[in-house]
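S.K.: The residues making up each chain are set out below.
There are 2 protein chains.
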Amino acid sequence: MDTHVVIMAGGIGSRLWPVSTPDMPKQFMDVLGVGKSLIQMTVERFGSICPMEKFWVVTSEKYVGIVKEQLPGIPADNILAEPEPRNTAPCIAYACWKIAKRHPDANIVVTPSDAVVFERQRFAEDISKALEFTENSGNIVTVGITPTRPETGYGYIHAENAVEGQICKVMKFKEKPDLQTARSYLASGGFFWNAGIFVWNVRTINAQLRKFAPQIAGIMDQLSESFYTANEKDELGRLFPQCEKISIDYAVMEKSEDIYLIPDNLGWSDLGSWGTVKEHVPVDSDANVAVGGDVRMFGCRNCIVHNDSKGIAVIEGLDGYIVAKKGDNILVCRLSEEQHIKEFSELKR
Amino acid sequence: MDTHVVIMAGGIGSRLWPVSTPDMPKQFMDVLGVGKSLIQMTVERFGSICPMEKFWVVTSEKYVGIVKEQLPGIPADNILAEPEPRNTAPCIAYACWKIAKRHPDANIVVTPSDAVVFERQRFAEDISKALEFTENSGNIVTVGITPTRPETGYGYIHAENAVEGQICKVMKFKEKPDLQTARSYLASGGFFWNAGIFVWNVRTINAQLRKFAPQIAGIMDQLSESFYTANEKDELGRLFPQCEKISIDYAVMEKSEDIYLIPDNLGWSDLGSWGTVKEHVPVDSDANVAVGGDVRMFGCRNCIVHNDSKGIAVIEGLDGYIVAKKGDNILVCRLSEEQHIKEFSELKR
Numbered sequence: 001m002d003t004h005v006v007i008m009a010g011g012i013g014s015r016l017w018p019v020s021t022p023d024m025p026k027q028f029m030d031v032l033g034v035g036k037s038l039i040q041m042t043v044e045r046f047g048s049i050c051p052m053e054k055f056w057v058v059t060s061e062k063y064v065g066i067v068k069e070q071l072p073g074i075p076a077d078n079i080l081a082e083p084e085p086r087n088t089a090p091c092i093a094y095a096c097w098k099i100a101k102r103h104p105d106a107n108i109v110v111t112p113s114d115a116v117v118f119e120r121q122r123f124a125e126d127i128s129k130a131l132e133f134t135e136n137s138g139n140i141v142t143v144g145i146t147p148t149r150p151e152t153g154y155g156y157i158h159a160e161n162a163v164e165g166q167i168c169k170v171m172k173f174k175e176k177p178d179l180q181t182a183r184s185y186l187a188s189g190g191f192f193w194n195a196g197i198f199v200w201n202v203r204t205i206n207a208q209l210r211k212f213a214p215q216i217a218g219i220m221d222q223l224s225e226s227f228y229t230a231n232e233k234d235e236l237g238r239l240f241p242q243c244e245k246i247s248i249d250y251a252v253m254e255k256s257e258d259i260y261l262i263p264d265n266l267g268w269s270d271l272g273s274w275g276t277v278k279e280h281v282p283v284d285s286d287a288n289v290a291v292g293g294d295v296r297m298f299g300c301r302n303c304i305v306h307n308d309s310k311g312i313a314v315i316e317g318l319d320g321y322i323v324a325k326k327g328d329n330i331l332v333c334r335l336s337e338e339q340h341i342k343e344f345s346e347l348k349r
Numbered sequence: 001m002d003t004h005v006v007i008m009a010g011g012i013g014s015r016l017w018p019v020s021t022p023d024m025p026k027q028f029m030d031v032l033g034v035g036k037s038l039i040q041m042t043v044e045r046f047g048s049i050c051p052m053e054k055f056w057v058v059t060s061e062k063y064v065g066i067v068k069e070q071l072p073g074i075p076a077d078n079i080l081a082e083p084e085p086r087n088t089a090p091c092i093a094y095a096c097w098k099i100a101k102r103h104p105d106a107n108i109v110v111t112p113s114d115a116v117v118f119e120r121q122r123f124a125e126d127i128s129k130a131l132e133f134t135e136n137s138g139n140i141v142t143v144g145i146t147p148t149r150p151e152t153g154y155g156y157i158h159a160e161n162a163v164e165g166q167i168c169k170v171m172k173f174k175e176k177p178d179l180q181t182a183r184s185y186l187a188s189g190g191f192f193w194n195a196g197i198f199v200w201n202v203r204t205i206n207a208q209l210r211k212f213a214p215q216i217a218g219i220m221d222q223l224s225e226s227f228y229t230a231n232e233k234d235e236l237g238r239l240f241p242q243c244e245k246i247s248i249d250y251a252v253m254e255k256s257e258d259i260y261l262i263p264d265n266l267g268w269s270d271l272g273s274w275g276t277v278k279e280h281v282p283v284d285s286d287a288n289v290a291v292g293g294d295v296r297m298f299g300c301r302n303c304i305v306h307n308d309s310k311g312i313a314v315i316e317g318l319d320g321y322i323v324a325k326k327g328d329n330i331l332v333c334r335l336s337e338e339q340h341i342k343e344f345s346e347l348k349r
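Protein chains in written order, with UniProt numbering: chain B, 1 to 349; chain P, 1 to 349.
These are computed hints drawn from the structure, not numbers from a lab.
One or more hints might be untrue.
Claimed, not checked - As a list, the in silico DSS-like pairs of lysine-lysine whose alpha-carbon atoms are at most 30 Å apart: (1) B:K310 <-> P:K36; (2) P:K129 <-> P:K255; (3) B:K172 <-> B:K233; (4) B:K342 <-> P:K129; (5) B:K62 <-> B:K255; (6) B:K62 <-> P:K310; (7) P:K211 <-> P:K68; (8) P:K36 <-> P:K342; (9) B:K245 <-> B:K211; (10) P:K211 <-> P:K129; (11) B:K310 <-> P:K342; (12) P:K62 <-> B:K310; (13) P:K310 <-> B:K36; (14) P:K36 <-> P:K129; (15) P:K101 <-> P:K62; (16) P:K233 <-> P:K211; (17) P:K245 <-> P:K174; (18) P:K129 <-> P:K169; (19) B:K245 <-> B:K176; (20) B:K310 <-> P:K310; (21) P:K278 <-> B:K310; (22) B:K255 <-> B:K172; (23) B:K245 <-> B:K169; (24) B:K169 <-> B:K255.
What the hints assert, rightly or not - Over 12 Å on every C-beta distance to chain P, these chain B residues come out as not near it, computed from the model: (25) T3; (26) F46; (27) E53; (28) A81; (29) F123; (30) E125; (31) P147; (32) I167; (33) K169; (34) L236; (35) P241; (36) S247; (37) S256; (38) D258; (39) N329.
All residues carry an ideal CB built from backbone N, CA and C; glycine is no exception.
Isolated chain B, as found in the complex (with noise of 0.2 Å):
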């Protein structure tokens, strides 16, 4: 089996300012506080599914250099730099059209850099029995995360009779519910969070972007010619802007009739919001939160500080607070306004 990892790493977190910037977003942020990034701690999650020369990570050009001082196990060559975001289906075929090149048989794991997955153990065991499928049917395979709550900011996937850690068909992609909805997804049973990872072969995705995304996959034949030459680069810059901007789920997973969902309960964040990191990270007694440096909460409770810092941080009086704070930056916020945070930080004064 020749298996590659696709790590997806251009977004900018916005909900996470000010931790995560444009100029360095959350993926290569110690948000937990734990001493790794992210995209460190997602090149972990996969170390056992193949060697450090098969990961492929997508980014912005203006990460190249982060991801390079972050991930130095990773071939620079295997860095792949978009020329502008054009959301993840343009993404993943440069990678896909890329590692079929060279790897014309290679099973793919594409994966965001962002999330978190505390059941390391049990997701290695999911990630190789779908890679062990795809190798064997040529289908493809996606992770569904067992839902915990009726969250409206992710995408589910419907599949009947799914049993945890077990392989299943899916019958429906849905888009991010409204809160109704979201509650009889949970009612009923059989939907799970769609984590934006997917196992396949390359011939297979490819394929399905021929059929379902023409535009894209014609792009990619054209850049093709220049992959591994000193023209890649001039190249991509000409014809990548040019993709469609849309969504892998949009552009293939809700109209493909041959997907699998291996549906488990794999301890699964996004880190979307200050809300779910404070989800994953230990309370103290007082349902307090602190992430970095030196903290100090006096009459606090159910807050999360993160001090990007050695300097200190002295917190009194706040309940249900975030308090960020990253080199100039500061936010304070209810937790419960969180879903604003984006708009705060882009006002001009």
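Fit chain P to the supplied structure of chain B, relying on the hints for placement.
M.R.: This is chain P only, laid out in the frame that chain B set:
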């Protein structure tokens, strides 16, 4: 008249942490967000009293560089460095003994470096009046601030039949009172805040120190031989730390019989705490104060936010809080709990 101004600038302003720190205390900071530090504002306030070569600053050795940088007009030789803090009596004695050696008839105004006076014109008139009185009578004059609230953080000066702007005899210096006593002072009238501003002839204060603080005076007599010589620094390092650690109020003012007061309503504040700073900066329609860089408040009331940097401070959903950032340190604290800030910032985690 040979007038000199002595600015005491050795304090560390621990209640204004993190803006005031032992490395860069509040007198050197732009606490009000007006583009000048408090010590620069202090020098301006006395600008009409005497030329810059008659300004003296007594400070800690480690602040000498900051003083030179912030007050380039003051001769370097007039910046007196205390080897260690010994409270105000030794500080004042050193300055007065040194001035006396070359200016035996000097009239001296002593002032803290970290307070503000909003009635500057009136203040200058009062100081001129006090200097004239001292010149003619040889007596010590102190400035008393008409109290506006039963403040327990200041000492008081009692004078009967006091009229604002007119010199009268001091009956008694009073230490910081409890709240009930402070209220009775306000109710009865004739009590004024001790602003630590003194006007005296150098012969008078030195005689008073000789009488009431002979230990300190004796050390100053020894030191005096080295003044303005290459030995001064070494001698100071050897002798100054032996001085009794005592305030000028305890050492002289409370004991002396012959002190005069010029009471006035000068819009004075020692800016000793975030609450007092908030009172002296314009508030917006939600009673918020923002000092410094890019401060964005949403749904906040009665807050003071101090942002030292070019960074963004997003503050949401707070009522009655201090949020302060300087360098790597941040503080979020209820204004009602600000008396604990010193302890919060000193505690080990």
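S.K.: Hints first: check each against the structure and report whether it holds.
M.R.: Results of checking the hints against the structure:
1. Straight-line distance between C-alpha atoms of K310 of chain B and K36 of chain P comes to about 28 Å, which keeps the hinted pair within the 30 Å bound.
2. A hinted pair counts as satisfied when its Cα atoms are at most 30 Å apart, and K129 of chain P with K255 of chain P qualifies at roughly 24 Å.
3. Taking the CA atoms of K172 of chain B and K233 of chain B, the gap is about 38 Å. The hint is violated against a cut of 30 Å.
4. About 58 Å separates the Cα atoms of K342 of chain B and K129 of chain P, which puts this hinted pair outside 30 Å; it is violated.
5. Only pairs whose Cα atoms come within 30 Å are accepted, and K62 of chain B paired with K255 of chain B is rejected, the gap being roughly 33 Å.
6. Pair hint K62 of chain B plus K310 of chain P holds up; C-alpha atoms about 23 Å apart against a cutoff of 30 Å.
7. With a C-alpha separation of about 35 Å, the suggested pairing of K211 of chain P with K68 of chain P is violated against the 30 Å cut-off.
8. Distance check on the hinted pair: K36 of chain P and K342 of chain P sit about 25 Å apart at the alpha-carbon level, within 30 Å; holds.
9. Taking the CA atoms of K245 of chain B and K211 of chain B, the gap is about 17 Å. The hint holds against a cut of 30 Å.
10. Pair hint K211 of chain P plus K129 of chain P holds up; C-alpha atoms about 27 Å apart against a cutoff of 30 Å.
11. Restraint check: the Cα-Cα separation between K310 of chain B and K342 of chain P comes to about 19 Å, which is no more than 30 Å; the hinted pair holds.
12. Between K62 of chain P and K310 of chain B the CA atoms are separated by roughly 23 Å; this keeps the pair inside 30 Å, and the hint holds.
13. Simply put, K310 of chain P and K36 of chain B have alpha-carbon atoms about 28 Å apart, close enough for the 30 Å limit, and the pair holds.
14. With a C-alpha separation of about 28 Å, the suggested pair K36 of chain P and K129 of chain P falls inside the 30 Å cut-off, and the hint holds.
15. Restraint check for K101 of chain P and K62 of chain P: the C-alpha separation of about 26 Å stays at or below 30 Å, so the hint holds.
16. Among the hinted pairs, K233 of chain P with K211 of chain P is consistent with the structure: their alpha-carbon atoms are about 26 Å apart, no more than 30 Å.
17. Annotation: proposed proximity of K245 of chain P to K174 of chain P holds, straight-line Cα distance about 19 Å (limit 30 Å).
18. Distance check on the hinted pair: K129 of chain P and K169 of chain P sit about 14 Å apart at the alpha-carbon level, within 30 Å; holds.
19. Distance check on the hinted pair: K245 of chain B and K176 of chain B sit about 19 Å apart at the alpha-carbon level, within 30 Å; holds.
20. Of the supplied pair hints, the one linking K310 of chain B and K310 of chain P holds, its CA atoms being roughly 19 Å apart against a limit of 30 Å.
21. With a CA separation close to 28 Å, the supplied pair K278 of chain P and K310 of chain B stays within the 30 Å bound.
22. Annotation: proposed proximity of K255 of chain B to K172 of chain B holds, straight-line Cα distance about 9 Å (limit 30 Å).
23. At roughly 28 Å between alpha-carbon atoms, K245 of chain B and K169 of chain B fall within 30 Å of each other, so this suggested pair holds.
24. Distance restraint check for K169 of chain B and K255 of chain B: the Cα-Cα separation of roughly 14 Å lies within the 30 Å cut-off, and the hinted pair is therefore satisfied.
25. The beta carbon of T3 of chain B sits about 44 Å from the closest Cβ of chain P, which is more than 12 Å, so the claim that it is off the interface holds.
26. With a least CB separation of 35 Å from chain P, F46 of chain B remains clear of the 12 Å interface cut-off, as annotated.
27. No Cβ of chain P comes within 12 Å of the Cβ of E53 of chain B; the nearest lies about 39 Å off, and the non-interface call holds.
28. With a least CB separation of 28 Å from chain P, A81 of chain B remains clear of the 12 Å interface cut-off, as annotated.
29. With a closest Cβ-Cβ approach of about 34 Å to chain P, F123 of chain B is found to remain outside the 12 Å limit, as its non-interface label requires.
30. With a minimum CB-CB distance of about 40 Å to chain P, E125 of chain B clears the 12 Å threshold, and the non-interface call stands.
31. Every beta carbon of chain P lies more than 12 Å from that of P147 of chain B, the smallest distance being close to 29 Å; the non-interface claim holds.
32. Distance check for I167 of chain B against chain P: the nearest CB is about 45 Å away, which clears 12 Å, and the non-interface claim stands.
33. With a closest Cβ-Cβ approach of about 46 Å to chain P, K169 of chain B is found to remain outside the 12 Å limit, as its non-interface label requires.
34. Listed as outside the interface, L236 of chain B is consistent with that label: its C-beta sits roughly 34 Å from the nearest C-beta of chain P, beyond the 12 Å cut-off.
35. Once the 12 Å rule is applied to beta carbons, P241 of chain B is consistent with being away from chain P; the minimum gap is 30 Å.
36. The beta carbon of S247 of chain B sits about 29 Å from the closest Cβ of chain P, which is more than 12 Å, so the claim that it is off the interface holds.
37. No beta-carbon of chain P comes within 12 Å of the beta-carbon of S256 of chain B; the shortest separation is about 42 Å.
38. For D258 of chain B, the condition that its CB be more than 12 Å from all CB atoms of chain P holds, with the nearest at approximately 47 Å.
39. For N329 of chain B, the condition that its CB be more than 12 Å from all CB atoms of chain P is violated, with the nearest at approximately 4 Å.
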